[in-house]
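Colleague: As you go down the protein sequences, you meet chains A and B in turn.
According to the working numbering, the stretch in the first sequence is residues 1 to 112, in order.
According to the working numbering, the stretch in the second sequence is residues 1 to 115, in order.
It cannot be assumed that every hint is accurate.
As a list, the in silico DSSO-like pairs of lysine-lysine whose alpha-carbon atoms are at most 30 angstroms apart [what the hints assert, rightly or not]:
#1 A:Lys26 <-> B:Lys57
#2 B:Lys71 <-> A:Lys13
#3 B:Lys58 <-> B:Lys42
Rather than coming from a laboratory, the hints here were simulated on the basis of the structure.
Keep in mind that this is a model prediction, so the values were computed, not measured.
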Amino acid sequence: DAGVTQSPTHLIKTRGQQVTLRCSPKSGHDTVSWYQQALGQGPQFIFQYYEEEERQRGNFPDRFSGHQYPNYSSELNVNALLLGDSALYLCASSLLGGQTQYFGPGTRLLVL
Amino acid sequence: GENVEQHPSTLSVQEGDSAVIKCTYSDSASNYFPWYKQELGKRPQLIIDIRSNVGEKKDQRIAVTLNKTAKHFSLHITETQPEDSAVYFCAASMYSGGGADGLTFGKGTHLIIQP
Chain A
1 DAGVTQSPTH LIKTRGQQVT LRCSPKSGHD TVSWYQQALG QGPQFIFQYY
51 EEEERQRGNF PDRFSGHQYP NYSSELNVNA LLLGDSALYL CASSLLGGQT
101 QYFGPGTRLL VL
Chain B
1 GENVEQHPST LSVQEGDSAV IKCTYSDSAS NYFPWYKQEL GKRPQLIIDI
51 RSNVGEKKDQ RIAVTLNKTA KHFSLHITET QPEDSAVYFC AASMYSGGGA
101 DGLTFGKGTH LIIQP
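Hey, can you work out the whole structure from these sequences and the hints?
Modeller: Okay, structure coming up:
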């Protein structure tokens with residue numbers, strides 16, 4: 001049974017560029033949440049997707065957007081990258097009716 | 001919104017001793033409190049969680065206690081071992097029949113087990 005997977009593992013971009021990160025949830029899970037983890041900090045909630053809709057959003061600007069596909073996989077898009085967007089981006093999957101969130105290995109984004 | 005405070009930021013204990021990490025939360029509507037362990041360069045892994053209708057939960061050497069009145073919950077690790085060295089995060093969220101909200105995390109505690 002595959003766990004949560006993310007791609008790519010590492011990414012380097014320059015300021016002003018756009019980036020797309022991908023996540024495949026754990027088998028049987030229907031809900032995907034995205035988090036940003038800056039170095040030395042706890043993860044911060046960006047948004048959550050269920051049934052291809054954004055169900056809940058954290059305190060992030062609309063430069064951060066997402067998408068969920070019918071197979072429950074998800075993308076995180078960040079436009080107009082800033083240096084401060086450099087972080088580890090984590091995806092977590094869960095069942096909508098459940099509480100436990102299982103995390104993927106993350107994508108480390110460096111903005112130069 | 002929810003705010004989670006976690007203390008201490010660093011905790012060093014002798015192997016075999018106990019370790020306690022404490023968290024407080026601000027939103028009385030929060031009713032689900034997981035703890036994650038994150039080793040360097042790896043994903044956060046759930047080690048134990050507790051719901052607000054329970055005061056304490058144990059799993060072998062790990063236990064979590066919750067005081068809803070004080071909005072306080074703690075992680076207790078007994079008989080610590082070198083493999084317990086990692087960063088530990090507490091988190092809080094609200095769960096209803098419609099689903100679980102996103103997690104609000106504390107800033108983490110770096111637990112160091114001294115041989």
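Colleague: Can you confirm whether the C-alpha distance between Lys71 (chain B) and Lys13 (chain A) stays at or below 30 angstroms?
Modeller: violated, 41 angstroms
Colleague: Are the Cα positions of Lys58 (chain B) and Lys42 (chain B) separated by 30 angstroms at most?
Modeller: holds, 25 angstroms
Colleague: Is Lys26 (chain A) within 30 angstroms of Lys57 (chain B), Cα to Cα?
Modeller: holds, 26 angstroms
In terms of the numbered hints stated before, the structure departs from hint 2 and from no other.
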